[in-house]
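Peer 1: These are the residues of each chain, in order.
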Amino acid sequence: MLQVPQTIKTFFDAVPVKNISNDHTKLDDINIYHFQGTSNSQAKFTLAVFNTTQEGDLIIPTDPISLGYTLILSHKSKFTLPKENGSSNCGIMAMSHLGSPNNVLPVLIEDDNLRNIKTLDSINHDLIENNFDSHEAKLVNSLVDSKFYDVWVQCILNEDLPYKVLSELFGLDETIEGNVVLRETQKYEFLTQVANWNSFKLRHPTLFEQWTRTNYLKNYYESQIGEFAKDLQLIIEYLNNNSDEQSTLIKHKVAGYMISIDKFLKSTKLGDVVVSQGEFLHQCYDLLV
Amino acid sequence: MLQLHVWGVDGEISLISPECLASAWLLSLVFPKNDFEIVTSSNTNISDINKLPVLITDDKKLNGFSEIVDFIDGNKFANESGYWSSRASSPREKLIHSCLLNLVETRVDVINQYNLYSNTKNYEKYTRKLFQNYFPFPMMYNQPLKFHNNAVAQVKLLGLSKNKTSFFDFTTTFQEEVAETEYFNSELSDDEDEEEKEVALSSLHEKQLIAKSKTKAALLESKNSLRCLVLLNHYLQEFIKTFKLLQNENENAFGYLFGGSPSACELLLYAYLHSLSSEKLPDRFVSSYLDLKHEKLVSFSKEQINNLQKSLSNSSFRPPQGAEIPSLFNEVGYLLGSIKY
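Residue numbers (UniProt numbering), protein chains in the order written: chain H, 1 to 289; chain X, 1 to 341.
For reference, chain H alone in the conformation it holds in the complex:
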């Protein structure tokens, strides 16, 4: 019988290098920016986002969906947005999208008796179930979730954004920016994943047939920009005419898109649409408290 050499045996015996206990592990508090204020509920949650940025003395997420949900969580829990030395037990945390169960952020990490990680799908579902009873508000919310997300994904895919912008938005490794090969490889790999967000590639398989000279994806994006502009205008009118709680939640969600696009994607076609709604953009920035 074949004898396993001692070196190989020792190597395999050394695995696992570290034993991870089954106990409740705590999130590393160093990376968490806590909301300010005290909530009535004892719930403890952390929203994991792509990256964070400083807006005045506030810390906010960089991508539109995370920013929208940070505003909603802050509003619902009667907190104010995170600062460097926030006092509550809830907060936001930048992490790699590869750490998410489905390779996309945000995810909500609830740390009560048991840790519960909620993906965007569950967060959206819970928001509608617990807060929306008006049929009209549900329809508008679903339009934002579906169409705004799609057009944002298309903007990332089509606009050929500099690596620096992608790095700021999604927390990609900044240190490799000077190395062309590593930078382009990382960018290509990342954009391949972006196409899968919101199941965009799956819902539009014909746009990704690349063996012809026509750039279907770019053409589709250009047509969708016009639709986004029209829908945004209608939603702004809807929000100006309704001030109930459900409309406020939708406004926070839309504000996430407006602020993030204004800060990072201003030079894009999507940015042009957002900037053209100056008054509403101003109202969105007013929500950052």
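Since the hints were derived computationally from the structure, they do not count as laboratory data. Even for Gly, the Cβ is constructed at its ideal location relative to N, Cα and C. Each hint should be verified, as a subset may be incorrect.
As the list claims (entries may be wrong) - Ranges of calculated distance between the beta carbons of each label pair, as one might list FRET restraints: (1) H:L114 / X:E12: 53 to 61 Å; (2) H:F208 / X:S316: 32 to 40 Å; (3) H:N179 / X:A88: 52 to 60 Å; (4) H:E222 / X:G260: 29 to 37 Å; (5) X:T120 / H:E177: 45 to 53 Å; (6) H:A43 / X:K207: 55 to 63 Å; (7) X:M1 / H:E222: 23 to 31 Å; (8) X:E295 / H:T38: 50 to 58 Å; (9) H:F208 / X:K212: 36 to 44 Å; (10) H:V289 / X:K310: 54 to 62 Å; (11) X:N307 / H:L98: 48 to 56 Å.
Got chain H; can you put chain X on it based on the hints?
Peer 2: Same frame as chain H, but now just chain X:
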């Protein structure tokens, strides 16, 4: 003259693309019949987004149903026709219309994909055979498979397949089924629903095993069909609730959502209902369900569909010509850049 390129053959628009049918209805409602022609080209290369319908006007090309609706809404004939144009309506109505159009395009479309491609009986006996009418030799071989694969992947979004994923699931939807290996196979799987692999001991035992696996497959398909009906019911309820909201009627009634004529989102819904409950399909489980569950909506939409089909029958259809034909020669020319659309 306007040219509408659609999926179809011999003056008939295909069930595989309700968007093409809705676009044709829209044109027939708005324009005089001599102002447009419908070309049953079934050639997606004509489109800038690789998808039909395409409307070619004197100065531009409009790709997809939404762009065609925008063009028609801006046309002078739109307000005088039997069509509800969102142009002159209130912002609230426009927003609701946009939401419902999005609902039909993203959700009801998946139900239609399930009915035509993922439902074995309908796919094997109807949908797959359609493509031999649309494409000349040898183009008809790979197309149905491509559509089928796309549809099977898409229906997973609504949980209508064996491997469940959710609508906002971003990764697992793209994983191919993992091939069975020594370490990963159905015997070792701890999923209770997984069928245990048994080795046939005799020819009689083998027959029993085959019969058992067929029964399981049929049960799984029934389960998916039921789920499909639940989802369809949910989406139709959205229209019924909107009707109640806008027209202040009770939930048992159904009619036009916005005033006295159909809007673009309603036309698209009727086109999907026409496709879902077509008499040409061998498995008409959707039709039976709709007749039982949504009597008012079905009777109203059937009446509308009959009127729209009548007005469409007067329109001029023509088969594709020259470069419009989806032939191998044209395909190669398009790939090489010698043919441009």
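Peer 1: Against each hint, give a clear statement of whether it holds in the structure.
Peer 2: Going through the hints against the structure:
no.	hint	in the structure
1	H:L114 / X:E12: 53 to 61 Å	holds, 58 Å
2	H:F208 / X:S316: 32 to 40 Å	holds, 35 Å
3	H:N179 / X:A88: 52 to 60 Å	holds, 57 Å
4	H:E222 / X:G260: 29 to 37 Å	holds, 35 Å
5	X:T120 / H:E177: 45 to 53 Å	holds, 52 Å
6	H:A43 / X:K207: 55 to 63 Å	holds, 58 Å
7	X:M1 / H:E222: 23 to 31 Å	holds, 26 Å
8	X:E295 / H:T38: 50 to 58 Å	holds, 55 Å
9	H:F208 / X:K212: 36 to 44 Å	holds, 40 Å
10	H:V289 / X:K310: 54 to 62 Å	holds, 60 Å
11	X:N307 / H:L98: 48 to 56 Å	holds, 55 Å
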